[in-house]
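Asker: What follows is each chain in one-letter form.
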Amino acid sequence: MKQKTFEWSLERGDLLPLLMMLPTLLVIIFIMVVPLAYGIFLSFFTLGFGGKTTVDSFVGLANYSQFFNDPVALKVTLNTMLFSFGAIAGDLLLGTLISLLLINLKSFTSSIIRPIVTMPLLVSPVVVGLIWRYIYDPKGILYWFLGKFGIGIQQFPGVTSASTALLSTIIAHWWQVTPFVIIVLTAGLLSIPVEYYEASKIDGAGPWRTFFQITLPQLTSVYVVILLVSGVDTIKIFDIIYSLTGGGPNNSSLSLSIYAYSQAFEQSNLSYSIAISVLTMILTFCIFGIPFIRHNLGKGNR
Amino acid sequence: MKKSVQKVLGLVLVAFMASAVLFAGGSAEKATSAKPGLLVSVWAGPHADLQKKVSSEFQEANITIDDVDYGNLKQKQLTSFQAVSGSGNYDVVWVNSQWMKEYTDAGYLLPLDSQIKAAGVDTNMYAKGLFDGCVFNGQTYGLPTFAQTLIIAYDSEVFAQEGIAVPKNADELIAVAKYFKDKGTGIALPAKQGSAAVTLFSQLLFSDGGYYFDANGKLDIASATAIQAATIYDQLVQNSVEGCLAWHHDEVAEAVRMKDAPIGIIMSGLANQNADPERSLIVDTVKYSVLPGKSGNAAATNSFWVWAVAKNSANPQKAAEYAMWMTSKETEKKQTLADQQISAINDLGKDGEILAKAPFLPVVMQQLAAGKIDPPLANFGKLKAALVVSLSEIASTDAKPADVMNTLQANLKDIDFSK
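One line per chain: the protein sequences are A and B, in this order.
Numbering follows this note's numbering, in which position 145 of the first sequence is assigned residue number 145; successive positions increment by one, without gaps.
Numbering follows this note's numbering, in which position 95 of the second sequence is assigned residue number 95; successive positions increment by one, without gaps.
Fair warning: there could be bad hints in the mix.
Calculated lysine to aspartate or glutamate pairs in the EDC-like style (CA-CA distance at most 16 Å, straight line) [stated by the list, open to error]:
no.: 1; chain 1: B; residue 1: Lys-101; chain 2: A; residue 2: Glu-266
no.: 2; chain 1: B; residue 1: Lys-259; chain 2: B; residue 2: Glu-353
no.: 3; chain 1: A; residue 1: Lys-139; chain 2: B; residue 2: Glu-251
If the Cβ cut is set under 7 Å, some of the chain B residues that face chain A in the computed set are [to be verified]:
no.: 4; residue: Lys-74
no.: 5; residue: Leu-78
no.: 6; residue: Ala-106
no.: 7; residue: Ser-328
no.: 8; residue: Thr-331
I should point out that these hints are in silico values taken from the structure, not numbers from a laboratory.
C-beta: ideal position from N, C-alpha, C; glycine also.
Just chain B, same shape as in the assembly:
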């Protein structure tokens, strides 16, 4: 009896092992025939849902998108770059253009030149200023997309009722802001301590021909033009809607959309929401104009995003194909038509179909064409961090902009901005 039980148990065990081997073989075969998977890191911004939808149409791989809020995005990407290849780390990363220098210096990104050449992608189709922001030491580390800049959005109905003209320079803009402030509202702008205020300051600086450094590459943040830009920023904040000191881009765009402010300095990437009747009270009345400096010129701080491939990707070839596919003319046009995000492809800026959908596009393209890029310097982050605090000081205290900028210049004088 005992022996027969042992025999039965032995047979069951053998049968179990044989079936396990057979099934394992089957699943392995299935796995090799299936499409590879790519893990993609993107900002959970206004276009993340569309990116997910569009990515599902990529035929060469199964795309899983991890959309993370802006505050934690860089941290998650940096952590992923440290991970062992194939351990659930990101294959493709959507990188803010300002992080590119740091990522490439640290060796986190894969050069894509050979893949671009093999695929026959003509990189001249991208706006030169933006594509150049993806090239470091002669190698291309990504492809540009989703260009953004600060523009003016205003309620044309209110402007017509009040008999106000669209401001053509910074002085007129301040006067308009003051007019509405006296009436109980004001201009909406991002004045919270953070990078949005720096973008606004930089754009005012660039519009009047200024820059952070002089012709010799020396820090020049207390130049006459820089002090002028800081003063304009200060006067705009003084005539802003109550609460602006706690507002980043999202809150500003919402204030304009909800008619809390008749005029606002909004990030173009959020302008698409103005046309959404479920989220906007100014669908039919919103109009756009450039954000002018004192001279009347308007230049963007060229802010954009880059599709790049992580060096520790387990499938770099497919990852590169995905990055090129996402920045192809067809995919970009599809995304722009769906929710008016602005690509880096020159031709799409003149596409009639797109222009009809995105009325703010000409304003954005005008500013981008005259725009400048933040310098890809190792220590630029230190300048930017210091500017964040200085602009917050200007906005929230009685400190004179000239004094603040002179102090900033003195505090940063020992930092090496040469490389």
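So here's chain A without its partners, still in its complex pose:
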């Protein structure tokens, strides 16, 4: 059998696929790869705004080693990961419960409730932070409601205590992002053939068994996509926390993105800020990117 060899011949059509991809490749290279590479290059210097990359300002990997010796950076990394896991866990749990509830409602009722439930998704994250700032106000709706059960700001200090500030930002995030999970999961639920459920009913399976044996396995790919999107979104969380707590009290809710921002724009430490951002990107890739790739490879092999 004769093996096909690659030749640089346009007439034979060998270069055609490459030429067809060229515009996309150029866009990716100039819009994504070049700025990223330039950013990484700048992280090897010690620069503020307006600084020049000179031999004197070259510090090699010093900004990266500084990160691992910076107690604030390490605390902030832990905060960010806690936020990410807390936020995603709540998003998935609440999203699953609500989407199952909605899909089992009558068509008329669910068509009214579904748009209402998904409305928080349309609100800007900064505005979400501001809305929740009023909700967490001691004279706000939350403490009015909790007061009915004898719970005041002493029992649940919300954004005013280092012990509950991060949780308070996570709750605000649930409010905004759960609708996204509902939309995606509803699409996934609608794609599961009804025959599966009919068969399970005939076999006498209860709701729990039906969920774990049919629904959950059928939604695996959907959950992986949600995990990837929410993972990236939560690791680089900025707006909600910035407008709700500003990272406090005592740095208890400070995230990596806010820390990078403050290094760049408040302390004029641009290179260190970029190093933090690069490490955040690597962290995101390790936690969420690699499992996603492995999942896709596994699917390909099957």
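Following the hints, put chain B in place on chain A, whose structure we already have.
Answerer: Then chain B, alone, in the frame of chain A:
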């Protein structure tokens, strides 16, 4: 037929091109005769609307004001400074005095000495402490305006009902705060993790004669006076209105205005809102006093804003004229009368017309006169960022102020604060 169509099309094309050239010439002529445009960056604070209104009266240029919230203002200005001249970048920037050193070091601002001299502006009319904050390496990089300081605002009616006297020193202030805390409210103060808490701490420090550095310029943030200021801050927070740990200046001022707190430490720039019947429940009862230290003295952390010209401005001359016009006595008086913002012009602090409009002015001027400015040092931002977290730790945990300040001193010992 075909040729005639071609001829007609050719004539139409020639006519179109000729008219395009004529119209283009006309519009170019019009453009050169029109006033130049200036893009101005300001903080979207309580006075932004007035600045827009006043700026429309500037005759030499068309002013477009871009008012940005405080959190994003510096970022936008820094980005604009990197842009090519004439590419929609800012011509004039309203700069927080604490950013001036960084901006001038980076070469973002234009020295205004020649324009000031040519216009015959007497810079002695500005409060010296504030004007000096615009001068770096002997060159003037801007003109001061909108001075601010933390003052005490209280509801005199509540004080009279409770038989409480106005506190004259920090101990009395803590006692008053405790009295109201025991009654279910407390004192309103900015205790959110952020720069407002640092301003409060610094003011308490300055009032008792302290500073961040000793006489030799060495960091001295764990001095007896600094620990004392941190302790006063801690005790005030302990006796504050519920929720203060999430409050910046705006929320504090609102709590006082809405009678949620009978006494508050408010930023003077927000005091004008107390007189607005649509936004305030204490229009007739609000009174002001200085924020005293333990000694009873009161000194401001001189916080002010600077009108400066971006070096990459496409029209630096007109930009400088606008900056000088905005800080002229006439324009400043107009703004103060309209919404009680405090200028850097000494004479306006004694103007009877203004004093009647801004009852808090004497208190502010007293504190500004004894005030100190944050040092224009390259690494001061690092100290301030660390102070932000340390004060938040003091406010939100059981940590002892002395321990926190000693740790802070130890953590910052290797930072160079000499330049």
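Asker: Indicate, hint by hint, whether the structure satisfies it.
Answerer: Structure-based check of each hint:
The hinted pair formed by Lys-101 (chain B) and Glu-266 (chain A) meets the criterion: a straight-line CA distance of about 13 Å does not exceed 16 Å. Of the supplied pair hints, the one linking Lys-259 (chain B) and Glu-353 (chain B) is violated, its CA atoms being roughly 28 Å apart against a limit of 16 Å. Among the hinted pairs, Lys-139 (chain A) with Glu-251 (chain B) is consistent with the structure: their alpha-carbon atoms are about 12 Å apart, no more than 16 Å. With a cut of 7 Å, the hint placing Lys-74 (chain B) at the interface with chain A holds, because the nearest CB-to-CB distance is about 6 Å.
Residue-level restraint check for Leu-78 (chain B) holds (minimum Cβ-Cβ distance to chain A is 5 Å; threshold 7 Å). A cut of 7 Å between beta carbons decides the hint on Ala-106 (chain B): the least distance to chain A is about 4 Å, and the hint holds. Taken as an interface hint, Ser-328 (chain B) does not check out: its beta carbon lies about 31 Å from the nearest beta carbon of chain A, beyond 7 Å. With 7 Å as the threshold, the beta carbon of Thr-331 (chain B) stays out of range of chain A, its nearest partner Cβ sitting at about 30 Å, so the hint is violated.
Violated hints, in rising order: 2, 7 and 8; the structure is consistent with all others.
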